[in-house]
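Peer 1: Below, each chain spelled out in residue letters.
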Amino acid sequence: MRLAFVGKGGAGKSSIAGTLARLLGGSGEPVLALDSDPMPGLAFSLGVERDDAGIPDEALEEIFENGRTMYRLRSGLTSEEAVTRYAAMGPDGIRFLQLGKARGARGENARSQQAFLHLVKGLPHDSWHLVGDLPGGTRQPFFGWGRYARTVVVVVEPTPASLLSARRLARLADTAPAPRVVAVANKTRAAGDVALVARKSGLTVVGDIPFDPGLATADRLGTAPVDHDDQSPAVGAVNDLLATLLKEEEVRT
Amino acid sequence: MKVAVVGKGGSGKTTTSAVLARALARRGLKTIALDCDTNPNLGLSLGVGDEETGRLVAVRQAVDTGEEEHAADFSDLITRFGVDAPDGVRLAVVSAIENPEPGCPCCGISPEQLLERLDSTDGVVVADFEAGLGTVIRMGSNPIDVIIVVTEPTSKSLEVARRAVTLVQQEKLGRLVIAANRVRDDADLDRIRAALPDLDLVVIPDEPEIVNAERLGESPLDSAPLSPGVRALVGLADNVVQR
Chain U
129 MRLAFVGKGG AGKSSIAGTL ARLLGGSGEP VLALDSDPMP GLAFSLGVER DDAGIPDEAL
189 EEIFENGRTM YRLRSGLTSE EAVTRYAAMG PDGIRFLQLG KARGARGENA RSQQAFLHLV
249 KGLPHDSWHL VGDLPGGTRQ PFFGWGRYAR TVVVVVEPTP ASLLSARRLA RLADTAPAPR
309 VVAVANKTRA AGDVALVARK SGLTVVGDIP FDPGLATADR LGTAPVDHDD QSPAVGAVND
369 LLATLLKEEE VRT
Chain P
6 MKVAVVGKGG SGKTTTSAVL ARALARRGLK TIALDCDTNP NLGLSLGVGD EETGRLVAVR
66 QAVDTGEEEH AADFSDLITR FGVDAPDGVR LAVVSAIENP EPGCPCCGIS PEQLLERLDS
126 TDGVVVADFE AGLGTVIRMG SNPIDVIIVV TEPTSKSLEV ARRAVTLVQQ EKLGRLVIAA
186 NRVRDDADLD RIRAALPDLD LVVIPDEPEI VNAERLGESP LDSAPLSPGV RALVGLADNV
246 VQR
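Sequence lines, in order, name chains U and P.
Throughout, the working numbering is defined as the position within the first sequence, counted from one, plus 128.
Throughout, the working numbering is defined as the position within the second sequence, counted from one, plus 5.
Excised from the complex, chain U in its bound form:
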C-alpha cells in the first residue's frame, strides 16, 4: 500500500497515519512511515523517538540541473540502502523517515528535502508499505511530496471549516497523479456525521473514527495512541480502516 494522508491542520492526519502504520507493522508487514510535514507530528503518533535531522549531508550529492543546484542521494547509494541506513527504527518493526524540519530563521532545509523526494521516488514498488503524513492545509500537500501515493486519504472532521478544506483538497488531489482519493471521517460525534462528510466532500468515506477523549489525552502526553490504549474506540476504528484499505488493495491488484 502507498498511502498519503492530507487534511486541514488539526484534523487528525498524524494520529490516524501513525496508528495505521503501527497496526500494519504489528501484523508483520514492512512499513516505512514518511513525514513530509515540516512541523513535528508523526513521530509522536508513531511512538518513535523524535529526531529533527532528516537525511544527513553525507548521504547527498550536489547536481546542477536546469540551471539550478539540486541535491539527491549520492551515486551508488540506492533508496533501499538509504532507508536501512538512515530511517529511524520504531516500535512494531516500522521504519520512519522525515523530510527535515523547519529550523531557524533561515532554515536550510532544501538539501534534505530534495534528497527525501529523490529517495522516495527510487523505492521499488514491492519493497515497503508507505504511510505518509503530508503538510496540513491546501497549499503544500501537492508540491510533490505525495507523489508516491497510490491512495490519497483526506481526513475530515464534520465541521464546516474542515469540510470546506476537504472540498478544496479533493479538487487539488484530482489534478495530482494519485489514482484514488478517499475520505476518512474523524472525530465523529453524531449519527449523521459520516453521511455529512460523504455529501459535502463528494468523496467515498472508507473510515469512521469516533471522537475519542483517550486520543486527546495521548496527545497531551506525547504518547502514540496505540501505546496509550490499544483497545480505545479510535484505535479500533483505525484497525477497521486498515482492513478496508487492504481489501481494496487486493481487489485492485
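Bear in mind the hints are in silico, worked out from the structure with no lab data behind them.
Possibly wrong hints are sitting among the right ones.
To be verified - Below, computed lysine to aspartate or glutamate pairings styled on DMTMM-like, alpha-carbon distance capped at 20 Å:
id : chain 1 : residue 1 : chain 2 : residue 2
1  : U       : 375       : U       : 254
2  : U       : 328       : P       : 57
3  : U       : 328       : P       : 150
4  : U       : 249       : U       : 190
5  : P       : 177       : P       : 223
6  : P       : 7         : P       : 150
7  : P       : 177       : P       : 214
8  : U       : 328       : P       : 56
9  : P       : 7         : P       : 176
10 : U       : 328       : P       : 205
11 : U       : 249       : U       : 220
12 : U       : 375       : U       : 336
Following the hints, put chain P in place on chain U, whose structure we already have.
Peer 2: Frame of chain U; chain P shown alone:
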C-alpha cells in the same frame, strides 16, 4: 496596531483571531481582519457564513485565473477581496495566489509584506497566519506590535509554539502573548508553562460551546458569548490593547 496570530494547524488560531477582532471592534477600534491562510476559513469564525466565506475565496481565485481584474492598491485590495463582518470588522482574504503578477499590489505581495505595509495608525489589523512557521520565517526582521502564539497543551502543538517563540525572540518580531488554548486542568497549564516559561500567558479553558459553534459554522461570540472560553478570548483583547 498590528497583531499576528500564529500556531500549529488546528490549535485554534482562526477562532482566536475572529473573537479577538470582533472584541477589538466592539471597543471602538477600526478593525481589519486579514485571512492570510492559504486555506481560508476566518469568515466562518467571524460569523459571515459558509457561502460568503466560499465566495471571497472564489473572487481571489478568479483573479488567479484571469477572470477578474487585479486590485490597484492595498485599500482596493481590502475593498475588492473583503466583506463586512459583524461588529464593523472588515474581513479580507489576502493569501498569495498561485500565479502572481510581478509588481502587482494584490497578488505579487505576500501576506507578511502586506502586513508590513498596511497603515494601521488609526485602528488595528488582526492577521490570521497560515499554520506552521512559514509566514513568521518570511517576516524577516520586520517587527509588528503583538504576536499571539496559540497553543494547545499537546506535545505537537507545544513544539510548534516553542519554535515560533524562538523565532519571534531571535528576530524581535513583536511583543509575545501566549494563548494557552483548550486548557482542561492544572496539569494542562503546567505543561504549557513548562514548555514556554516566563512568557505573558492568557488561559483559554477547554470550551464545549466553541466545539459546538465550530460544528455549526457559527461564531462562538454569537452562539455562546457568556461561556468561559469565549469570555477568555474576549479578555485577550484587553491584553492586546493594554500597552
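Peer 1: Could you run down the list of hints and mark each one as holding or not?
Peer 2: Okay, the hints, checked on the actual structure:
1. U:375 <-> U:254: holds (17 Å)
2. U:328 <-> P:57: holds (17 Å)
3. U:328 <-> P:150: violated (39 Å)
4. U:249 <-> U:190: holds (17 Å)
5. P:177 <-> P:223: violated (35 Å)
6. P:7 <-> P:150: The hint holds at about 5 Å.
7. P:177 <-> P:214: The given pair, whose Cα atoms are some 36 Å apart, is violated under the 20 Å limit.
8. U:328 <-> P:56: holds (13 Å)
9. P:7 <-> P:176: holds (17 Å)
10. U:328 <-> P:205: Cα-Cα ~41 Å, so violated.
11. U:249 <-> U:220: With Cα atoms ~25 Å apart, residue 249 of chain U and residue 220 of chain U exceed 20 Å; violated.
12. U:375 <-> U:336: holds (16 Å)
Violation of the numbered hints given earlier is confined to hints 3, 5, 7, 10 and 11; the remaining hints are satisfied by the structure.
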